[in-house]
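Protein chains: 2
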Amino acid sequence: MNLGPGKEFDRIRAIISRIADVLPEHEPLGDDCALLPVGGTTLALSIDVSLEDVHFRTAWLDFKEIGFRAAGAALSDLAAEGASPLGVLVSLGVPPQSGTKTDPAVEIMEGVAAMCAQVGAKVLGGDMARSEKYVIDVCVIGRAEQPVRRSGAREGDSLWVTGYLGGAALALDKLRNGERPSKPLRDRYARPEPRIAAGRWLAAHGGGATAMIDISDGLSQDVQHLAAASGVGIEIELERIPCWEGVQAIAAVASGEEFELLVTMPPPPAFGDAGVSSFRTATGVALTRIGTCVRGGGVRLLDHGKPVPLPPGFDHFA
Amino acid sequence: MNLGPGKEFDRIRAIISRIADVLPEHEPLGDDCALLPVGGTTLALSIDVSLEDVHFRTAWLDFKEIGFRAAGAALSDLAAEGASPLGVLVSLGVPPQSGTKTDPAVEIMEGVAAMCAQVGAKVLGGDMARSEKYVIDVCVIGRAEQPVRRSGAREGDSLWVTGYLGGAALALDKLRNGERPSKPLRDRYARPEPRIAAGRWLAAHGGGATAMIDISDGLSQDVQHLAAASGVGIEIELERIPCWEGVQAIAAVASGEEFELLVTMPPPPAFGDAGVSSFRTATGVALTRIGTCVRGGGVRLLDHGKPVPLPPGFDHFA
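Protein chains in written order, with my numbering: chain A, 85 to 402; chain B, 85 to 402.
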C-alpha cells in the first residue's frame, strides 16, 4: 500500500506490515473502501469513526446533526469508490439516559436515518454501550459496479474536484470563536452531503474516472495519497481551486471535513467540456479542473505558475 | 422486533420505532446479525463495540488481548447465525503515541489479526482517530448458507448450550479483586473463542437449529430475547447447567461475557444422543441440554422442579 506522509499514516503503515497474513490478497488496504467479490457482485465496505471533542462538539451540533454528519462522512467513502449504498451498521457509545428527556441515542439515530434515506441506504444493525463521551462508528456497505481506486491515475490525466472548498473549515472557525455561521455555511460542516450520484457518474462516464478519493482530511493531504497510490506526480493550479465564498484558495486547499471528491479523468477527447456539462446536468454539482497528472511523484502546488508550499492537512496524531 | 426486558433494550426499541422507514423490510432488527441477500448469497453482518473501562481495563488485559477479545466478541455474532466469517473492519480510538514504545494500536490490531487467522477471516479495512480512552469497534461480515435466527424456536424443541459457563464472570471477579486467575480461567475472559464451527454444525445437522443466540449478556438475559423473538415459553433446569469449575449454577446463568451459543433443536429423533456425540466429535466442544420450549411466553428457571428467580443479566444502562 502507498499512503502519503503523516504520523497517522506511519501508524497505519506499521499495523499493515504486522498483520500482512490476514490482509486480502490483491487488495490494497488504504483505499476509501475495501472491495469484496461476492457471487458476481463487488461489495464496497468502509468504516468511519466520529468521536466527541475530536470530530464534533455537542455545543456546536445537535444530536440529529451529529448522527447525520457521522453517517454522511462514512457514506462519502462509498461515493469515492463510485459505489451505490446498500446499508449501514452503527455502533453508539452514549452516556446513561437522564430522566424523561429525549434520548440523545434516539436523536443520533434519527440523523443517521435521515442521511440514509437521502441515499437509499438501510440501517442494517447496530450496537450500543455506555460511554462518558459520545462515540458514533458507522460501517457502510455498497455495491460497486465499476469501482474506482486511488491507484489508477496516469500521466496526462486531468485532476478535478467537485463542489466548492473551504466552507467546512470556515464554519468550524466561526463555531470555535463563538460566532454563528450562516445556515448554508454551517451546513457545510454540520450536514455534509456525500457525493454518491457524482461518484457513480464519474465512474461510468467520460472514459471513466481513473482514480478517486474523498478529501475528508483536506485536499492538500488526500491528493498526496492519490499521487502515492497511483505512482504519478500531480501539479495543482492554486488559482483554479473553487472556493467557498470568503475563503482564500490556500485555506480551501487545507480545509478538512470536506466531503467532496477529488478525481482524475482521462484527457480530452474522452473527458472535456461536454463531459463537465453532462455531469453538472446529471448531478447538480460543480466540477472544476484544478490540475494535471505528470511524470514522477509527489504533489506541487503552483500559484500562477510559481511553486508555493502545500499546506498541511488534518493529521489525528500530528 | 421482540426483545427481552431491560433499559438498554428500551432505548433500542425507541430507536427502532423512530427510524422504521430506513429499516430493511422483512428483516427483524435485533437478531445477532443482519442478513443481506447479495446475488445468490446471504451475507450476515454485525457490529460490536468494546470500550475501555466498560468492556475491559488496560490493567487487566494487554493490548493484543484487547484486540483479540474485541474481534472474538464480534465474530461470536456470526457464530450465533451459523455463518462463516469473510472479514472484519475495525475502527480504533487510541491516544497519541508516546515516544518509541511499541504502539498499542499496532498491538491491538495484532490481536485482531490473530483472532481472524483462527477463523479464516480477513482484515478488510479500518479507521483510526485520537481518543483519550481506547475504543475498538469491529464490524464483521460473513456468509450464511443456512442462517439461524432467534425467532424459530417451537414448543417441544429442546434447549442446549455449548461449553461451560461462569468462567468469564469468575475471572473478572478475580481481576477486580487484584487476584491472578489461572491461565485457563483468565482466558475465558481474555481470549474468548467464538463458536464458529459449532454454530455452522448446529445450523446444518440434527434437523437444523430452530433458534440460536450467543450469551454475551449472560444466559439469563439472552434466553429472554430468544423466548420473546420466538413467541415461546422456556423452562430451564438449573441442575443441568454446565458450570466452569468452582462456579455455582446460579452464577453461571448470570455470567456475562460468555461467548457460548444457546440453541434450540428439534426434539428426538431429529436431534438426540447420537447428534450430541457427532457434534462433540466434529467440534471438540461440549453441548448440554438445559431445558425445553413450552407453550406460552417468558422464561422459568427450575431448581430440581422448584421455581427460582432468574438472575439479572448485564444491562449497559441498568
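Bear in mind the hints are in silico, worked out from the structure with no lab data behind them. Being a predicted model, the structure only gives us computed values, none of them experimental. Accuracy of the hints is not assured; some may be wrong.
As the list makes no split between identical chains, a pair holds if one copy fits it or if it spans any two.
To be verified - Restricting the straight-line Cα-Cα distance to at most 30 Å, the calculated cross-link-like pairs of lysine-lysine (DSSO-like) are: (1) 185 <-> 390; (2) 185 <-> 217; (3) 185 <-> 91; (4) 91 <-> 217; (5) 267 <-> 390; (6) 91 <-> 267.
Now the hints, each set against the structure:
1. For the identical chains of this complex, residue 185 and residue 390 are neighbours neither inside a copy (58 Å) nor across copies (42 Å), given an alpha-carbon limit of 30 Å.
2. In this assembly of identical chains, the alpha carbons of residue 185 and residue 217 lie at most 30 Å apart whether taken from the same copy (18 Å) or from different copies (27 Å).
3. In the homo-oligomer, the alpha carbons of residue 185 and residue 91 lie at most 30 Å apart only across protomers (15 Å), although the nearest pairing inside one protomer, at 41 Å, exceeds that limit.
4. With identical chains, the CA atoms of residue 91 and residue 217 are at most 30 Å apart both within one copy (25 Å) and between copies (19 Å).
5. With identical chains, the CA atoms of residue 267 and residue 390 are never at most 30 Å apart, being 36 Å at best within one copy and 65 Å at best between copies.
6. For the identical chains of this complex, residue 91 and residue 267 are neighbours neither inside a copy (35 Å) nor across copies (37 Å), given an alpha-carbon limit of 30 Å.
Consistency note: the structure conflicts with the earlier hints numbered 1, 5 and 6.
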